[in-house]
Amino acid sequence: MLIMLTNAFLIALREIKRNLTRAFLTVLGIIIGVAAVVTMVTLGEGTTAAVKNQISDLGSNLVMVRPGSGFGPRASSAGVPNFTESDVTAIAEQISGVAAIAPVRTASLSTIYLQEARNTSIIGTTVDYFSINKWSLASGRFFTEADARTGEAVAVIGNTVKTELFGSEDPIGKKIRVGQASLQVIGLLKAKGQAGMGDQDDTIVVPLTTMQRRLGGRTSSRDVSQMSISAEDDYNSDLLISEISSLLRQRRNIQSNQDDNFTVFDTRQIAETLSSSTELMTMLLSAVAGVSLLVGGIGIMNIMLVSVTERTREIGIRLAIGATAKEVLWQFLVEALTLSCVGGMIGIGLALVFCQVLAPLIQIPFSFNLEINLIAFAFSAIVGIVFGFAPARRASKLDPIDALRHE
Amino acid sequence: MSTPTSTLIELNNLTKTYGQGSAAFQALKGINLKIDKGEFVSIMGPSGSGKSTLMNLLGCLDRPTTGAYRYEGIAVESLNSVQRSLLRRYALGFIFQGFNLLARTSAIENVELPLLYRGIKRAERHEMARRALAQVGLPDKERNTPAELSGGQQQRVAIARAIVTNPSTLFADEPTGNLDSQTTCEIMELLTQLNSERGITILMVTHEDDVAQYAKRTVRVIDGLIDHDQTHHRIAAQ
Ligand SMILES: Nc1ncnc2c1ncn2[C@@H]1O[C@H](COP(=O)(O)OP(=O)(O)OP(=O)(O)O)[C@@H](O)[C@H]1O
Ligand SMILES: [Mg+2]
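From first to last, the protein sequence lines stand for chains L and E. Just so you know, my numbering puts the end of the first sequence at 982, numbered straight through with nothing missing. Just so you know, my numbering puts the end of the second sequence at 317, numbered straight through with nothing missing.
Hint data in this document are derived by calculation from the structure and do not stem from the laboratory. No residue lacks a Cβ here, since even glycine has one placed at the ideal position from N, Cα and C. Each hint should be verified, as a subset may be incorrect.
Capping the alpha-carbon separation at 20 Å, the derived lysine to aspartate or glutamate pairs in EDC-like fashion look like this [what the hints assert, rightly or not]:
#	chain 1	residue 1	chain 2	residue 2
1	L	592	L	885
2	L	972	E	221
3	L	765	L	739
4	E	200	E	156
5	L	627	E	156
6	L	592	E	156
7	E	295	E	276
8	E	200	L	590
9	L	592	E	276
10	E	108	E	156
11	L	709	L	727
Each pair of labels, with its calculated beta carbon distance range [claimed, not checked]:
#	chain 1	residue 1	chain 2	residue 2	range
12	E	245	L	581	20 to 28 Å
13	E	259	L	920	52 to 60 Å
14	L	870	E	145	46 to 54 Å
15	E	198	L	876	53 to 61 Å
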């Protein structure tokens with residue numbers, strides 16, 4: 576038995592060498608299929624993981640209020656009035672279940688430090704903003720109530736801003752020019768990363784009063800473009816949202832036959848939207864990958880079927896000079912297995928290289944998924960065996976002369 | 080192979096029908112034949128008379144429709160496919176009318192092929208194959224593939240492959256069909272030598288009378304039946 580196996584292996588290797596082009600094409604089909612599937616699925620899963628991380632970074636009890644309708648990529652707020660600071664106070668005072676609320680005003684301004692300049696989105700808000708949005712400090716401090724009251728010229732910067740403007744320099748205590756004002760950097764936020772919702776670290780947070788007084792002035796009392804709310808731990812999401820909505824409808828004088836001109840949503844809804852879109856993406860990627868696996872499989876099938884006549888005749892020769900059907904079968908099985916395993920391994924290796932290179936580029940974590948690797952590998956092995964082995968099986972059952980006469 | 084007169088092959092009313100129904104064609108219509116160990120028999124007959132069909136049955140490459148085939152007393156019909164493979168491997172050598180060499184495989188590897196299934200070690204295998212190729216007059220074509228060999232050279236590789244295992248019985252279907260008279264002579268001398276020195280029983284199909292003369296006995300097949308069977312003295316032995 577062992578002698579037969581080593582013999583089969585020997586003959587199979589000889590055969591691979593003899594039919595190098597055919598072997599190469601077969602292996603290529605497997606490589607392409609496996610590499611495509613493993614790459615697509617690994618990247619898809621990485622994206623999903625990245626989005627999930629970010630959602631959990633948001634915290635489970637964050638509620639946001641924005642003018643206009645919708646949130647995420649389909650949001651539109653053109654021509655819709657902002658909120659006022661008294662809206663913020665009203666929500667804080669009248670709605671139970673609100674633990675903290677922070678008004679947010681945004682502006683995009685040029686930011687300069689020494690020679691370095693860039694446009695950054697500036698957020699004017701209150702102290703609670705940091706805890707509501709789960710920001711923590713890498714160094715320095717947040718601004719205080721006192722800073723906010725007097726509109727101090729202070730700023731807390733995100734990690735991207737630090738990297739772009741300061742490089743490896745310590746930013747704390749340095750002065751940066753934001754729009755027309757000069758602000759002192761007092762804190763550096765710990766990086767949150769990105770994906771799904773853009774670069775959250777590309778931000779500068781200042782007291783709302785500082786923004787109103789120093790950065791571009793106050794043009795209207797309706798200057799709150801967003802409200803961030805953290806709900807009590809045991810809040811009822813639907814109830815809270817409907818309470819906030821009806822209060823705002825009343826304050827914004829919306830008639831009962833008119834739609835809301837603002838949107839209240841919490842992280843659960845963000846999570847649902849994002850995960851449904853990443854699921855869609857993963858599905859699309861998987862479909863593309865599945866097609867390439869199929870194409871690879873058809874390629875293999877083609878090559879194998881084209882060579883059936885030759886293989887059958889060859890089997891006839893081997894049987895005629897005294898090989899048993901079993902020996903011939905082992906030879907073909909070993910050949911098919913060797914080719915598909917080599918192809919599968921190269922495919923997986925290639926996919927891992929792709930993923931290692933691509934994952935950092937599109938800023939998602941690289942996660943090795945054993946399951947999909949095994950599935951892709953098994954699929955390639957099965958395709959190789961079915962199409963390489965099945966014709967051989969049929970031929971080996973023939974009388975030698977019939978196999979020799981095959982055409 | 081102790082007694083020179085012991086029976087090696089015995090055919091009893093052997094028939095072979097190709098196809099089925101209205102397309103059926105009876106290529107052999109009842110062959111009765113007895114061949115002793117150590118004989119050298121030539122089989123002659125017009126094209127399409129059933130010579131190759133008979134050889135394929137004798138070489139265990141095909142199965143008869145009816146009738147009995149005994150090889151060394153063994154009823155070949157009762158053997159299973161593995162047993163028939165082993166009979167071919169250890170006892171029979173076959174030279175095909177159409178060569179049947181492995182494509183894209185060098186002459187020496189083709190000749191080595193049957194030894195591979197006998198489990199013979201690499202070095203020995205190589206040595207045996209070289210010797211066989213030298214015997215058929217192709218010592219310098221070891222590395223050539225069939226596509227790089229002439230028809231006659233391919234035929235000689237096929238002969239080398241059949242004799243390399245030193246079989247008890249050699250079936251040769253027109254082994255000199257593609258050879259010039261000089262090479263034919265050499266090959267026939269080789270076969271005669273194998274027959275007389277190693278005691279290999281040889282059955283050979285041929286169309287040429289002077290080739291048939293090398294054998295001690297000629298069987299003539301016409302239309303699927305043995306027409307006559309005659310033992311004679313070798314005239315062209317020298
Ligand atoms: N596989 C087959 N299917 C149907 N008919 C066949 C088959 N093989 C051979 N025959 C027929 O059987 C008859 C005998 O064929 P065979 O090959 O034995 O002839 P032969 O005596 O060897 O002829 P040649 O001298 O030309 O080689 C022929 O009429 C041929 O057409
Ligand atoms: Mg013939």
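Identify every previously stated hint that the structure contradicts and give their numbers, smallest first. Violated hints: 2, 4, 5, 6, 9, 11, 15; rest satisfied.
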